[in-house]
Amino acid sequence: MSLSEHLPALLVVIPLLAAPLCVLLRHPLYAWIVALASSSLTLLAAYQVLMQVRDGSVIRYTLGGWSAPTGIEYYIDSVNATVALVVALISTVVLVYTRAISQKQLVTDKHYLLYTAWMLCLCGLIGIVITGDAFNVFVFLEISSLSTYLLISLGTQRNALTAAFRYLVMGSIGASFILIGIGYLFAATGTLNMVDLAQRIPEVQESRTILVAFSFLTIGLMIKAAVFPLHAWLANAYHHAPVFVTAFLAGTATKVSLYVMLRFFFSIFGADYSFAQMFLTSVLLPAAMAGYLLMSLVAVYQTDLRRMLAYSSIAQIGYIVAAISMVSVTGLTAAMVHIVNHALIKTALFMSVGCMMYRMGHAHIKSFDHLIRSMPFTVMAFIVSGLSLIGVPLTAGFISKFTLINGALDRGWWLVAASVLVSSLLATVYITRAAEVMVFNRNRVGHPQPSGMNEAPVSMLVPMWLLIGLSVYTGINGTETLAVAEQAAMQLLGGFE
Amino acid sequence: MNPIWAVILPLLVIPFIQFFGEKRNNLREASIIVTGLLLFLVNESIYQAVINGELAVSGEFVMMPGLSLALSAEPLGVLFGLLASSLWVITTVYSIGYMRGHNEQHQTRFYTCFAIALSAVMAAAYADNLLTLFVAYEMLSLSTFPLVTHAGTDAARKAGRVYLGILLGGSIGLFLPAMVWVYAMTGTLDFVPGGIVNAEQFGPGLWVLLALFVFGIGKAAVMPFHRWLPAAMVAPTPVSALLHAVAVVKTGVFSLLKIVTYIFGVDTMLATGISEWLIVFPAATILIASIIAFSKTNLKARLAYSTISQLSYIVLAALLASSTAIVGGGLHILTHAFAKITLFFCAGAIMVAAHKKDIRELDGIGRQMPITMLAFFIGSLGIIGLPPVAGVWSKVMIAQGSLQSGEVWILAVLMLSTLLNIGYLLPISIRAFYFAPPNAADSEHAPKSEPAAESEHTSDAAQQADSATPATAGHSVIQEAPAASLWAIVMTATLSVLLFFYPQPVIELLEMIQWR
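Here the protein sequences line up with chains C and A, keeping their order.
Heads up, the first sequence stops at 497 in our numbering, and the numbers go up one at a time, no gaps.
Heads up, the second sequence stops at 1013 in our numbering, and the numbers go up one at a time, no gaps.
With the rest of the complex left out, here is chain C (with noise of 0.2 Å):
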């Protein structure tokens, strides 16, 4: 066997063993190199499963050479391949940013705890997406929510360790609540490998045991994926931890759960039963809709720009669920989309208030005034990627949005079309609001500034114009990205193999 048909488990591995390696290591310069080499090698193994399956084909891998009951499988399709490869590629390009920043923000002896929480979360993340076991799903779950507590509470205030306490609350309950359907699952049907459980789910889909299984999946997932109404602890979290993780965890945490979510709702219960059944639509739906457009309105009056960004992401975590729920291969190729072009937009905004705090100290907004005059680089990379926020052509964002309404459009949706237009106008409000302070405001009394040039480290700069640069290319040829979206989006309502 060569190396290249165990790439699933590789994925995995990689990460799991950099994570005791670096604690080992205890050094924060080595730890951070394990740390970028396994996640650069990582990347690497994602993208090349993403060429594997790139046909429309599928790789089911089984672990050790243990085939599915007994066994836990892997199932990678373009839908997971495409999700694994944007966890790998934002903590790669992130890590290379966090070497200069965490080194002023974080005291030297918990570095190699920050790159083995790093490690653990990415093998955590990168597992719940490749699997093909439910209950592992739970298991992976748990290893990147237990280390992604760990990495918010090595935030330089108190406050992160309340934020990080109110997470492991949401955290645990959303964890129970998918362990318990998934519990259910197991009972009604007797299997946990996705596979069979599609397969044997239509059998007893009219037990009550499967309501409720649905029903507890539904709830949990929708924690931690923090959909309006349950989101309330994505802010404090976003806000409190590290810069660097919140660049890491915004383009990667939620994502992933919209992932398992996708997979729950298409492939294992499917569409049919989903939505025609159980009115799926009539709970998402609403409640995407007050979510993006509630929250684009409460960032607007946001004075920290984390928080402001924070609330920005559950509003297009909105987006991607009303998509979602419009069960359609438009409105599933639109929410393929955005995951891949929010995650790349949102970790490059983060990653510039993070150039920012790096200077500043804080991300208050009204204190930035003029600071285009001593990080032009920055705040340019803020407006590039705020624009593409918003959804200006020849940005990613556009692509987003195109398909989004025009999956609205088809769906006849024109009440959706015409509140995510609102919620974009609103997204033009608090994405202008602050680049005018940093752009034209002149600087006040009280506000003391270094003058001159100061911006942020290369080592920094590099990594977030690198993303801003991806997400700009693929705002201008986004042919590929919505190929791989659209056949995504096939093999989602086509359902397992």
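The set of hints was computed from the structure by calculation and includes no laboratory data.
Don't take each hint at face value.
A few chain A residues that don't get close to chain C, going by computed Cβ distances all over 12 Å [claimed, not checked]:
#, residue
1, Ser-565
2, Gly-598
3, Ser-638
4, Leu-639
5, Gly-670
6, Leu-671
7, Ala-851
8, Val-889
9, Ile-927
10, Phe-998
Selected chain C positions facing chain A (Cβ under 8 Å, derived; list incomplete) [as the list claims (entries may be wrong)]:
#, residue
11, Ala-271
12, Ile-405
13, Asp-410
14, Leu-421
15, Leu-482
We treat Cβ as the ideally placed atom computed from N, Cα and C, and that holds for glycine.
With chain C held as given, fit chain A onto it using these hints.
Using the frame of chain C, we list chain A on its own:
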């Protein structure tokens, strides 16, 4: 010639602008003028190609499956491209005089954004499909935003907010959904002679779609989406002149002309009569904006409202959707551009040479700045639509178009508007030449920075006009704007007059539009 060059060329000058910077400003401006001339030549060769019936198309860049960015030349676009590139050269010459005379800051940024805006205008002019047009439209909004907020004062920032709010808001909130709607229904966004919209498919939704376009294209400034244009007048005068009298606003109405011709199709418009109800909006805008213009005593504000009113002529022409009206609308883009840019140039020249912004202060200014005010008079005639200035032809054609469509009441609107134009424009020239200037002693005492005090003083001066003897008025020696600015004013005024005598090439070009 591939139209892509027209888009790239203005961008190529940016490194030069940045490299020369403030220190070598002569070279900086020279590089812009050279580029502008080259751009004009490119447009000229595209024009020749179109006249000879050749194709001038760029390659296609696929953005997503079914959606691509592509450029191609057709008569309306060629006309607009020629217009914008020739006026860019003239405006740059004018800017040299104005920006230096006015000691404006950040001139490098100013010229850079200007070049980006021009590139966007070219992309809009040669857009081969709605998506390209939309992209160019957004690029134009964003690149002109720093020009509006150029001064960096609170007022400028506030104006910038209004500007971006209405233009970006309208385009994302209305224009974008209209475009996606067209795409969702027809599966294409290409500009096709005769249109791509199928009336039966849309049913009564068709007029909603048209309304989304008319109001979503905020640059056309149809009321109630006009507030951004007066707000944008805080920008330096060359910006107001080229962008907010020609390039930006004309991109708006030009987009509408193109959408009516190539997305809806003239036949569909006439057959379904979807514009009968909408046409009230531009008609009302024409009259209301003219009346508001009366109340404005700031010269640039009055010209801005005049622009709003004139833009709606073209929107009206587009909505009338007869071939004569659309040719008239295309011609009006040109005639109004020359006339209005002349007026704005004059306003800027007065600001630089005499430091006056208020119309009530302009009594007798014609003795100080005879050439400028003569040009102002010619420009006024152009806006009103009187011979020997070209504005008359486009007005006549739009009027003919309204008769063809059987909308006789439009004729009354046009008549009334012409009277209003006379009312708010001609007195400026009359007062400039025939009224005595405020006497020298007063004007020295008058604090320049306080407009309230100034206006008081000028009303005093107006009362004294009878008693003012030629001797007291005689202090005003000829003191024109810098030569560069003056040259530009003379150029545009002359072009306005020339176009009256030779409108034929333009009309012939526009009659090459394929209607179906």
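Okay, the hints, checked on the actual structure:
1. Ser-565: Per Cβ check, A/Ser-565 is inside 12 Å of chain C; nearest 10 Å; violated.
2. Gly-598: holds (25 Å)
3. Ser-638: Given that some Cβ of chain C is not farther than 12 Å from that of A/Ser-638, nearest at about 9 Å, it is violated.
4. Leu-639: violated (7 Å)
5. Gly-670: Not fine: 5 Å to the nearest Cβ puts A/Gly-670 too close to chain C.
6. Leu-671: Since the minimum Cβ distance to chain C is about 8 Å, A/Leu-671 lies within 12 Å and the statement is violated.
7. Ala-851: A/Ala-851 is indeed farther than 12 Å from all Cβ atoms of chain C, at 30 Å.
8. Val-889: Nearest chain C Cβ is 39 Å from A/Val-889, so the label holds.
9. Ile-927: At roughly 41 Å from the nearest Cβ of chain C, A/Ile-927 sits farther out than 12 Å, so the non-interface label holds.
10. Phe-998: Holds: least Cβ distance 42 Å, greater than 12 Å.
11. Ala-271: Hint violated; C/Ala-271 Cβ to chain A Cβ min 21 Å, cut 8 Å.
12. Ile-405: holds (4 Å)
13. Asp-410: holds (6 Å)
14. Leu-421: holds (5 Å)
15. Leu-482: holds (5 Å)
Checked against the numbered hints above, the structure breaks hints 1, 3, 4, 5, 6, 11 and satisfies the rest.
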